Every structure is written in C-alpha cells, then in structure tokens.
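Asks: Line by line, the protein sequences give chains A and U. Per my numbering, the very first residue in the first sequence carries number 1; after that it's consecutive. Per my numbering, the very first residue in the second sequence carries number 1; after that it's consecutive.
No incorrect hints appear here.
Cut-off 27 Å, straight-line C-alpha distance, at most; resulting in silico cross-link-like pairs (DSSO-like, lysine-lysine):
#1 U:261 with A:330
#2 U:192 with U:3
#3 A:273 with U:261
None of these hints come from the bench; they were simulated from the model. A quick note: this is a predicted structure, and the numbers were derived from the prediction, not measured.
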Amino acid sequence: MQKSDYRNMWVYIEHDGKTAAPVALELCCELRRLCDTTGDRLYAVILGELPASETDRIRECGIDGIIQVRGTGYEYFNTDAYANAFTVLSRKYNPSAIFVGGSINGRDFAPRFAVQLNTGCTSDAMQLEYDPETGDIQFIEPAVGGKIMAVITVPELRPQVGTIRPGTFRYAPTGAKPEIELIEEEISFDPDAIRCRHIDFIPDEMDPEMDIANADCIVCVGNGLKDSEHLERYRKLAKLLGGKIGCTRPLFDRGILPYKLQIGQSGVMVKTKLYLSFGVSGAVNHTAGIDADLFIAVDKNPDAQIFNYCDYGIVGDMDEVCDEMIELLKAREAQRASI
Amino acid sequence: MLKILVCVKQIPDVDLVKMDPETGNLVRAGVPTLTNPLDLNALEAAVQVKERYGGEITLITMGPPMAESTLRECLAVGGDEAILITGRPFGGADTLSTSYTIVKAADMKGKFDLIFCGKETLDGATGQMASQLAERFDASQISFCYSIDDISDGKIRATRALETGKEIVEATLPCLLTVEKDNFYGRLPNLKAYLDSKTREITTYTENDIDGLDLNLIGVPGSGTIVPKIYPPELPEPGQIIHTGSPRSDAGRLIEILAEKGSI
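Whenever a hint applies, use it, and build me the whole structure from the sequences.
Replies: This is the structure:
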C-alpha cells in the first residue's frame, strides 16, 4: 500500500433529514484549515436526503466537493448500512482521512468501518496537525485522565479515521468556493439485512435544569465533594447566582449527578458568562469543555491545575467558601430589598 | 441456553499514573490496578440476562498475568468461566489488534449469542473496542444500551440512550451490547462466591494456544495507530489567587469582584 495513493479528506455529515449536526459543520471548518496545509481536497459525505438550505450551510464551510449517497437503508441511522456505505465509498475513492462527529451514533459506526477497511481509528482528538515528513495527521488528545497529551498517528494504513467530539472545533465558515464538485453515488443496503433496526424514538422530557450548555452561570462541583449530602449548598449558591449546577466526570461516576450535567469533552461543552468550580482538579478533558467569560476556581489543593484556567481562585475548603458566599449573597439581597 | 461473553479490562488507577519529566515515559510501576468500572456495568447486564433468560457467562480479558485478579473479581460477581489472554507479543496493541485477538481467543470456546462490553475504559478511553469486536464477531450491535427489554426468538429488543431521547431497537443475535449504568449498577459478590472465586480455574491462552492466530495481526504489528509522542499539557498562566486571610474575607472579596465585573 502506498500512502500517497490516498488523497483528500472526508467529513461525515450527520443529519436527521432536516438539519446537519453542528459537529459536522465544525469539522468541515477545521478540516478546511488542515486541507489547506496538506493540499488535500475536502469532501462532505451525505447519506440520504438533506434540504438544499442545509447543504448550502455546508458549502459555506469551504468544502471542495460533496459526495451524495442515495439508496435504501439510510432512513434511520443503523450501524450496518452506514458502516457499509463508508467502506464501499472508501474502497472506491481512497481518501486519506475520514472524520466522523463523535456523537453517540458517530462513535457507534466509525470504529466498525475502520475494521472493515482494516485501518487505524482514533477518537476524541482536540487538535489536528499535519506532519509533512510522514504525511500523517497528528491526532492530539488528552490521555490518562487528562494528565498528559498524546500524539496519535496512523503511520502505515489508510484512511486515517477519527471521531471528534461535538464542540471541539469552532464553527467559523470561511465562505463557499466558486466551484464545488458534486459526486452522486447509489449505494443501496437491503433493509432486511439491517441487523439492528430502529423501532421507535422517545424524546427526553425537557428539564431546564438539565440544559446547561448555554446557561449564564454554572456552579460546577468536582470530585472534592464529600458526598451527595454536601451538594445542597451548591444548589443554593447556583440559585442565588441565577445559575445552574454542573459536575465533573467523577461525580457522575459516583452516581451523585446525572450524565447530562457532566461538563467536559466527554460530556457537555458549555459556553457561559460566569463559571465557578468547587473541588475540581482541572483535568484537560474537563477544562476543554468550558468557554467562560469569567472563571472562578475554589479548591483546597494550591497546586491544582484548575488554578491555571481560572481568572480568580481561592485556595480553601470548598464547602466553607460556598457557605460564606451564600451568606454574603443573601445579605446582599436583603440589603437590596430594604433599599 | 444463551452463551454470553463479557469483555473486561484491568486498568491502572489513572489518578495515580505520573509522567517522568526526564524521560517523558508514563510511570506505572507500583500504581494500583482496578477493574474498569464500566466493565462491571456490562457484567451486571450479563448477570441480569442470565437470571431472566438462563445462560452461561464467559469472561475474557487480555493483559499481563496479574489481570487474573480482575477475572476473579468478575467470577465472584457472576461468571461461569474465564479466559486470560497473556503474553509479550500481545503488548502495545491498539483496538484494531486487540479486537482481533479477543475474537480469535473467544472463538476457541465456540459461538456466543450475546457479548457485553463497557462503553469505554478509563485509561485508553477510545470507546472503539465494542464496535470493532462486533464487526469481527460478525454480530449486530446495540451501543449505549439503557435497558434490555426482551430477548426471544433469536432477537433482542433494547432501548438506547441517545443525546436527546431514547431509541428502541431490535437486533438479531448474535448481538454485542455496551451498556449505560442507569439500570446496570454493579453488584457486590456474596461471601461464598467471593471465596470460591479465589480457586476457580482460569483458561490462559498465550499466542501459541489460539488456533489460527496470525502473529502479524496482534500486538504492535497488528495495530493501526501508534503513539509517537506524549507530553504534559501546556497550561495557561495561573489566575489571580485571592488570599485575604480567612474563608469569609476571601468569599467577600470574590463577591466584590463578581459585582465589579457585573456578574451579580
């Protein structure tokens, strides 16, 4: 196998028939940058139908072409038909790299077609670089609980497959190219051959407390929390600040707060005005998920990495500082009410 | 009777792994190990299925000889049989070669109807193994399974947890599942099972014991990815530490800052 025979990069456009998933657009934007370095062409791969207004948004991200796949088997996401489509396409066109948004379904099928193609697969890179000497993409990601950064490459096999978490890269479209190639493919997968089939979908009930991605203020509680009984004061503080509560992965692992409140690369990526962390050590996986105008950290360990990410920090007992803040905020409210 | 396979992994306690600042290598010596917590949710799902539908649970792991302790821990919770794949040539494997190795070894025990995996490990955290195993087992897959609703007539009906809701799916056996922990919290073994597990027999396979194993497809040679470099994360300059002498005055100063910045 000659690596140089494999050219161009692909992005899988995840969609629900109406809109393209934000992660797909984020990937197109980031890969535009990478392809400008490598000289590859960038293709958006669409399985099934997507409205023209949505394909226009994808064009705006600076792609060079669209591979539009039609046929049976794409009505609902299913591992068999989706993995097969990429295997068939990849064998025909020999792309250098295939990127898939790291949604639940993206992470379901990408590693599977990577095995079908007998190639290397990486997940959750936070940075993509190109090594001109080897011609390999460097997938750079946190490892060992976020204490180190690891460079991962696919040195011999092609295509290089990567799943990337939503929110990792910025959606910053650079504008549509004057000419965009359209490749149309018919790849039908026998619906009867789909081994795991969609029966029904039941949307989760909307609980505003569980929707923290764009909350104005977030009080994030980390592994420093002693137990769930100590959580109440942080809820109180969040309420006083007009914010919502979030957590780091260990608190979800400990069963104290639900997954939807887990902030970080493997949970929710948040954009907020005010972020206060209590008892959070500051692993890269967590801090990568925070975009805050003002970042406050409270932790008892003066060497905690979190203090490198905050604007202001307090070294001290998290519960004590929280209690003092509650008292002072209440006093402030009372004072205001009396004026 | 359902033949059930549960894939487990022994991992180092990642909180205690350090990087040698001189060599840039990970220091794992003396670091305690544990069974990957999400694998215990997978085992729990398998035990629940066995209790409801009958079956036999085989545990499988790949790792150094000491990974045997993880198998014993899982046997105590609910395994009938356990396989340890161990040997130098397996070392340094990524998910491409590990999935190949595990399926080759599992094939030695016949065909499985259900395969359970944790959705990822806390050390490697690629989350890729399950889908890659499913492909190599030629099985259907139900990832991020929230509940197992029915198993009958060679089919399994289950509920997946997606970003915005639950998806109900139906898959043919053999099927590989990764589970969410909501309904599959791990259980503790009873004392007798725990004591029994200490002396249970474990099947050990080296590279010489697995039929038709292609040595070019295991360990480093069979891997698709490599890790040419690791380095400590670049940290931003530390923020300003409020240090006024007491928690109360620190909190007070912080509130002042929040007010100055217009945050409250």
